[in-house]
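Trainee: Chains A, B and C supply the protein sequences, listed in that same order. Numbers 1 to 284, taken from our numbering, label the letters of the first sequence in order. Numbers 1 to 415, taken from our numbering, label the letters of the second sequence in order. Numbers 1 to 302, taken from our numbering, label the letters of the third sequence in order.
Some hints here could point you the wrong way.
[Stated by the list, open to error] Going by beta-carbon spacing under 10 Å, a handful of chain B positions derived as facing chain A: (1) R34; (2) K67; (3) T112; (4) E249.
[What the hints assert, rightly or not] Under the rule of at most 16 Å between Cα atoms (straight-line distance), these lysine to aspartate or glutamate pairs were calculated in the EDC-like manner: (5) A:K227 <-> B:E291; (6) B:K104 <-> C:E191; (7) B:K47 <-> A:D49; (8) A:K140 <-> B:D207; (9) B:K258 <-> A:E187; (10) B:K378 <-> C:D154; (11) A:K227 <-> B:E63; (12) B:K61 <-> A:D228; (13) B:K390 <-> C:E38; (14) B:K47 <-> A:D228; (15) C:K293 <-> A:E187; (16) B:K395 <-> C:D156; (17) B:K390 <-> C:E187; (18) A:K47 <-> B:E272; (19) B:K395 <-> C:E64; (20) B:K395 <-> C:D154; (21) B:K276 <-> A:E187; (22) C:K6 <-> A:E187; (23) A:K227 <-> B:E65; (24) B:K390 <-> C:E64; (25) B:K170 <-> B:E65; (26) B:K216 <-> B:E364; (27) A:K47 <-> B:E376; (28) B:K276 <-> B:D44; (29) A:K227 <-> B:D84; (30) B:K276 <-> A:D49; (31) B:K375 <-> C:E38; (32) B:K218 <-> B:D207; (33) B:K47 <-> A:E72; (34) B:K170 <-> B:E233; (35) C:K46 <-> B:E376; (36) B:K178 <-> B:D152; (37) C:K100 <-> A:E14.
No lab work stands behind these hints, which were simulated from the structure alone. In this text, a Cβ means the ideal position worked out from N, Cα and C, and glycines have one as well.
Listed below are the residues making up each chain.
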Amino acid sequence: MAEGKNVFVITKRERRIRLVYSIFLSLYCSIVVFLIFITFLGSFKTKSDLVRNTLGFPREFTLDSYKTLIFEDNFLRIFLNSTILTVLSIAGIVFISSLTAYGLSRFKFKYADTLQTYFLLGLMFPIQLGILPIFIMMRKLNMINNLFGMVLLYSANMSFPVFIFSVFFRTLPYALYEAAKVDGAGEFTIYFRIMLPLSKPVIATIALLSTITVWNDFYLPLVFLTKDNLRTVTLGVYRYMSNFLANWHLIFSAASLSLIPIIILFGFFSRNIISGITSGSLKQ
Amino acid sequence: MPNKIWRLVFVIGLVLLVLQLGVAGAKEGKIVLRMWEHTPQFEDSTKALIKAFEAKYPNIKIELEIKTPDQYNTLLNTVIQAGDAPDIFWQNGTKTTDLANIVKMGGAMDLTGKIDLSGYDKMATDILYINGRLYQTPGASIDTRAVYYNKDIFAKYGIAVPETLSEMEKICETLVAKGVTPISFGAKLSWNILFLFEPVLAAVSPDWLDEAAAGKAKLSDPRLLQVFKKFEEWADKGFFGRNYLGVDEGAMLLNFSKGNTAMCITGSWNAETFTKNNPDLNLGAFQMPMENGGRVMVVTYSTGYCGYAKTRHPEEVLKFLRFATTREAQQIVVETQGNVPGLQGLKAKNELIQSIGTADRQVESFYNILGFWPKEGKNPRKIWEEDSIKWVSGKLTAEEFIARLEDAIDYSKMK
Amino acid sequence: MRFIRKRPYILFILPGFILYTAFVIYPLFSAMSISLYEWTGIGPKKFVGLANFVTLFFNPRISEMFWNALKNNFFYVLAELGIIMPLQILLAYLIFLRIKGYRIFQTLIFLPCVISTAVIGFFIMIVFDPNFGILNSLLKSIGLGQFQSGWFGDPDLAFPLFIVVATWVGIGYGMMLFIANLKGIPEQIIEASIIDGAGGVQRFFRVILPQLWPSLTNIIVLDTIWGLTIFDIPFIIGGPQGGVNNSLDFMNIFFYRYAFGNSYGGETAMGFGASISVVLFGLVLIVSIIQIKFLRNIRVEY
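Let the hints inform the model, and build the full structure from the sequences given.
Mentor: Take a look at the structure:
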């Protein structure tokens, strides 16, 4: 493939080995392609066609289930909700957790290690356990059925991003910090002007991984977004799933619809995402 | 991604959010009641009910929120304890312990003397009372289990609907010999085991069920063991096919819907699901025949709604609860849901439902009986939920399983 | 003000600390106290001291389930560290090397992570259902009918199969982290090794792996925590009962089953459920602290 400069000189033997890997991975990847293909195919079938001929080609193409989704069940609105929620949450998560992680990992103080562990505790519980106290708080803050409330909650669940950011910040060259300090820059200036721009790869990674978490989250929206017009995509799909047999033509098309933005994001922007990750690669 | 794109996405998001906030909150001076239903399966019927109510009381608007059954009670408990419960919510009477707990918390409105229950079967209303006070409206549907069958497969092999239990067994043997799986079964959830086990129990030992419900028979009774053995025998003979372990309800119903199996024994509420899923399926249904003929049916009554004790609109809530109890309202539910009517004067939606509701004898549900006399700190229903799969998979013998169940029952509580 | 100026980290940490403490730590710890009560989830609580813990460890029926779930968690962590993580590193390295088609591989390997769990459950059904799933139909149509199986319905097969599915679903997550870390390795180091004449495999073990080590130790900690608290995938496959004969039962499913019952309702025991999660929490905390202490002290020699 002509794309990209290959930084490594490789031998013929190595090239052959890589080709074997490529072939193997192609086979592996065809599984997910096949499953998604079946889902898309199924979404164009009529209900009774789907029952008898679950995996084959549709006998007649129909857009009925998409029509039901979009015009009766208001799926576009649901889509919009998920999009807004995800975008705002990512902004919140990246902002607050990078700030916290920076404080934890760039400065040496007595309880830094303990605090680091403290921020990990959130990963060690099932979230369902604490739902009642959270609900009472959210209600007092008037944050039920409020997308901002959800953004707050997602940002507060910062264990994972804080951890990853901390690991990364520890690898940033200390010399840069000292030099800026000598120039008289304030702590926040250093952070926003020097450290954050250097952190693009990890920001991209966190943004990506958090997108998945938020987009696919089922439990928090179920509890805190109770109004029909605030439903998220995952809730929508889950609702069809829990009345599986009656709705399963809708499951195919809802699943297809929920996959489209993800495929677009990765298919068309993967070049950008990767270059976002690479552009920050460090030169010491 | 380049910075600009991120910024753009962020701004778009913000704009959309503001737009959204603007749209919400447009109301026209109506009293709005919030209502919770526990499963999407009841979505259509509940919506139809609300529509009829709103037509009658134009100044009241009901906002329906539908939850999923696995989360419903947790969510409801949470909002009740947080003091923010919906004005109207579904409950399952004394069939589960939830209503009693909600009442203890002061979450349910006392409806004693405020609802007209005349015409309802005693069995349907008994389950609505906690400590002698009425806390929820009744349902006029019978939740039973039924044997659904594929008429085309029966016709193909010249099989008629069985009149006795041994005929039923003979049918299954014939089908197995022809290479057709007689009964679609999935044992991933204890509930699907229950809905198949109960009709077998009712057909083999209806007397034991009656006596146990009255507190006069024990689980160690050989008649019950005989039922467990019968079930095992059916499984060994291949009546449920080879693969049922780990199969979930959706796959089990679908397998029947696709015409792969001749029968499926499951809840009456699935009749409508089958028809909706595959309108081409030539569907029939009957209740299990007993040893000496005659059909038997496990009966539990459906239930209606509770009012929230701290609602700001008690008058309107009562109006709805009263409306939901009327024959007119129940007919709407029975018809849209395809339920078996359990109130005189209600019509079944079609012949299929009619045949599900036809039996010579009615018996109590085994699961219900398990919960009648629990030992302090023990829970026989929970043991059924957890260990029935181990029994079906053969890890526990019938004797061991019964012993475990019995270990959690306090017979001295029986009167 | 001087106090803060001397300790600038306070300003960085404080907002996150408050948010996290209020919305994560406080609710969890206040819920943990429920483990000392008998409580169905609603209604009055009854203080029972340590009775829930006694039940958990000494009631033969319950403790059997507890140890079984713990055993499953343990083997899953082993599989994660011994199978999934090396595969993730390998894949990340291959993509880092830009083998043919690496872009599309990266996208497609990652894709299952992004698909919502409900849809994954649906995929699992259409592939593995013993009666009409793709796998059994395929085996039959190519004349290998004798290899048809109940798949997840077979208690001996369920766990290994679960590992395969979990790998397929989750492998992209860690892979992405490793790719990001590989990009952070200074190119000079790699170029130097090429001049030294190191071959592909040698280069990986002698140059790449030591460079990856710091992030590797952290991912080991994360993987262990995730492995001990896994819920989603075994839940959609095995349901709240944890599969046939509890072959897919894990600590968090065990917790969920008691605290929230199962689909259709069922009986709940929130207090007892909380005691399960307290034990789980203690375990995870101890294991991760040991790991953090231990792994930080290891240095790879090269």
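Trainee: Out of the numbered hints, which ones does the structure contradict?
Mentor: 3, 5, 6, 7, 8, 9, 10, 13, 15, 17, 21, 25 and 27
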